[in-house]
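Number of protein chains: 2
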Amino acid sequence: MQVSVMFSGGKDSSLSAILLEPFFEVELVTCSFSLLPVGEVAAETAERLGFPHRIINPDVSILEKAYDMIMEDGFPKNAINFIHKSFIEHLAADSNVTFIADGIRRDDRVPMLEMSQIRSIEDRFGVHYMCPLKGYGRAAVNELVNKHLVIEEGLSEDVLKADYETELREMIARNHGPDKIKEIFPTHVQSHVIERKRA
Amino acid sequence: MQVSVMFSGGKDSSLSAILLEPFFEVELVTCSFSLLPVGEVAAETAERLGFPHRIINPDVSILEKAYDMIMEDGFPKNAINFIHKSFIEHLAADSNVTFIADGIRRDDRVPMLEMSQIRSIEDRFGVHYMCPLKGYGRAAVNELVNKHLVIEEGLSEDVLKADYETELREMIARNHGPDKIKEIFPTHVQSHVIERKRA
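Chains as they are written, first to last, in our numbering: chain A, 1 to 199; chain B, 200 to 398.
No wet-lab data here; the hints were simulated from the structure. Be aware that one or more of the hints could be misleading.
[Said to hold, decoys possible] Here are some chain B residues the structure puts well away from chain A; computed CB gaps all over 12 Å: (1) Leu-235; (2) Arg-247; (3) Ile-255.
[To be verified] In the DSS-like style, the derived pairs of lysine-lysine whose C-alpha atoms are separated by at most 25 Å in a straight line are: (4) A:Lys-134 - B:Lys-333; (5) A:Lys-182 - A:Lys-77; (6) B:Lys-333 - A:Lys-85; (7) B:Lys-276 - A:Lys-134; (8) B:Lys-333 - A:Lys-147; (9) A:Lys-134 - B:Lys-284; (10) A:Lys-147 - A:Lys-134; (11) B:Lys-333 - A:Lys-77; (12) B:Lys-396 - B:Lys-346; (13) A:Lys-134 - B:Lys-346.
[Claimed, not checked] To give an idea of the interface, some chain A residues facing chain B are shown, with a C-beta separation under 10 Å as derived from the structure: (14) Leu-20; (15) Asp-94; (16) Phe-99; (17) Asp-102; (18) Ile-104; (19) Ser-116; (20) Ile-118; (21) Glu-122; (22) Phe-125; (23) His-128; (24) Tyr-136; (25) Gly-137; (26) Glu-143; (27) Asn-175; (28) Pro-178.
Ideal Cβ placement from N, Cα and C applies to all residues, glycine included.
Starting from the given sequences, assemble the full structure and let the hints guide the process.
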C-alpha cells in the first residue's frame with residue numbers, strides 16, 4: 001500500500017511520514033505554484049529523510065484565488081484552508097493515489113478540513129484521507145520529533161519552508177511590498193527539518 | 200519510551216498497538232472489575248499479538264456508579280464514557296505511566312473524552328494521552344486491520360470482549376435478567392482478534 005504524504009519540509013509532515021513508514025510505501029508530495037523554489041527546498045529535505053519525493057504544480061489560479069480571499073479578509077485562515085483543500089483534491093484526483101496523509105495535529109486549527117469535506121473527498125475520489133498525528137497533542141509530538149528529527153526553528157520570514165503560506169506571502173510582497181505581510185500574518189515560529197536521527 | 204495501550208482484545212486497540220510498536224515499548228492494559236474473566240480473555244489475545252499485558256482492577260464502585268447512570272438514563276453513552284475516563288485516570292495516576300494510548304477512531308462517538316477532559320488529565324497527571332487511530336476513517340482502519348490481523352466478528356452477546364460494555368451488561372443481567380440488556384444496549388457487531396498476520 002502506497003501513501004502520499006503532503007510534505008512541507010516541517011516537523012509535522014516529516015514525523016507523519018516516519019510514523020507511516022513501517023506500514024506503507026511512503027512518497028512525499030509538495031505543492032508549489034512555482035513563485036519560489038519551495039518544491040526544491042522540500043526535495044532536499046525529503047532526500048535527507050530518505051523518502052522519494054515529487055512536486056505537484058496545481059494551477060496558479062488557485063493561489064490567485066487564495067490571494068483575493070486573504071486581501072478581502074485581512075487574515076489568512078480561509079485562504080490557507082482553500083489552498084490546503086485544493087492540494088488534497090489535486091492529489092486525490094490522481095488515479096495512482098489511494099492513501100493521502102496530512103500532518104495536522106490534534107491542536108492545529110489551520111489548515112483544517114471540516115468532517116463533511118473529508119467525507120466528500122473520500123467519497124468523490126475513492127481515497128483514504130489520513131492524519132497520523134491527529135490523535136497526538138503538542139507535547140507528545142515534540143517527544144517524537146526530538147527522538148527522530150533534528151530541526152531548526154525560526155520566525156516565518158527567516159525559514160524557507162514549503163507550506164502554503166510561503167508563496168502566498170511572496171505574492172502579497174510582490175503586489176504590496178513586504179510590510180503588507182506583517183499586517184496580515186501573525187509572526188510565528190516555523191520549523192524546518194535538518195536531518196533524521198537514526199537509531 | 201513506553202506506552203500503555205488500553206486494550207479490549209478488539210481490532211482497534213490491537214491495531215493501535217501495532218502502529219505504535221516501531222516507536223515505543225508497548226504494553227497492553229485491560230480494565231476489569233472482576234465480574235467476568237475479561238482480563239484473562241484479553242491476556243490470551245495479547246499473547247497471540249506478541250505484546251506484554253497487564254490487568255488493572257479499578258474499584259468496583261466505578262462500575263456500580265456506571266450501572267446507576269445507565270439505569271437512570273436508559274442508554275449507555277454516559278455510563279460508558281464514565282468508565283472510560285475512570286480507566287484513563289487510573290492509568291495516568293500510575294507513576295510509571297507517561298504515554299497512554301486509546302484505540303478510538305475518527306468516526307467513533309462513544310467512548311470519547313472531551314478536549315477539555317484530555318487537557319485536564321494531561322495537565323493533572325503529567326501524561327501524554329494519544330489516539331493513534333484518531334486521524335483514520337473506518338475504511339482506512341479496515342485496510343490496515345486486514346493487512347495485520349485475523350479477526351472474528353459477531354453480535355455483542357456472542358463475542359466475549361474486554362470492553363467496558365461487557366461487565367456492565369453482566370451487572371444488568373444479574374440484577375434484572377438478560378432481557379433488560381436488550382432494552383438498553385443497541386445490538387451491534389463486535390470484533391475479536393484471533394491472531395496477527397506476520398509478513
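Hint by hint, here is what the structure shows:
no.: 1; hint: Leu-235; in the structure: holds, 29 Å
no.: 2; hint: Arg-247; in the structure: holds, 20 Å
no.: 3; hint: Ile-255; in the structure: holds, 22 Å
no.: 4; hint: A:Lys-134 - B:Lys-333; in the structure: holds, 6 Å
no.: 5; hint: A:Lys-182 - A:Lys-77; in the structure: holds, 15 Å
no.: 6; hint: B:Lys-333 - A:Lys-85; in the structure: holds, 20 Å
no.: 7; hint: B:Lys-276 - A:Lys-134; in the structure: holds, 23 Å
no.: 8; hint: B:Lys-333 - A:Lys-147; in the structure: holds, 22 Å
no.: 9; hint: A:Lys-134 - B:Lys-284; in the structure: holds, 20 Å
no.: 10; hint: A:Lys-147 - A:Lys-134; in the structure: holds, 19 Å
no.: 11; hint: B:Lys-333 - A:Lys-77; in the structure: holds, 23 Å
no.: 12; hint: B:Lys-396 - B:Lys-346; in the structure: holds, 7 Å
no.: 13; hint: A:Lys-134 - B:Lys-346; in the structure: holds, 22 Å
no.: 14; hint: Leu-20; in the structure: holds, 9 Å
no.: 15; hint: Asp-94; in the structure: violated, 17 Å
no.: 16; hint: Phe-99; in the structure: holds, 7 Å
no.: 17; hint: Asp-102; in the structure: holds, 8 Å
no.: 18; hint: Ile-104; in the structure: holds, 8 Å
no.: 19; hint: Ser-116; in the structure: violated, 13 Å
no.: 20; hint: Ile-118; in the structure: holds, 7 Å
no.: 21; hint: Glu-122; in the structure: holds, 7 Å
no.: 22; hint: Phe-125; in the structure: violated, 12 Å
no.: 23; hint: His-128; in the structure: holds, 4 Å
no.: 24; hint: Tyr-136; in the structure: holds, 5 Å
no.: 25; hint: Gly-137; in the structure: holds, 7 Å
no.: 26; hint: Glu-143; in the structure: holds, 7 Å
no.: 27; hint: Asn-175; in the structure: violated, 36 Å
no.: 28; hint: Pro-178; in the structure: violated, 36 Å
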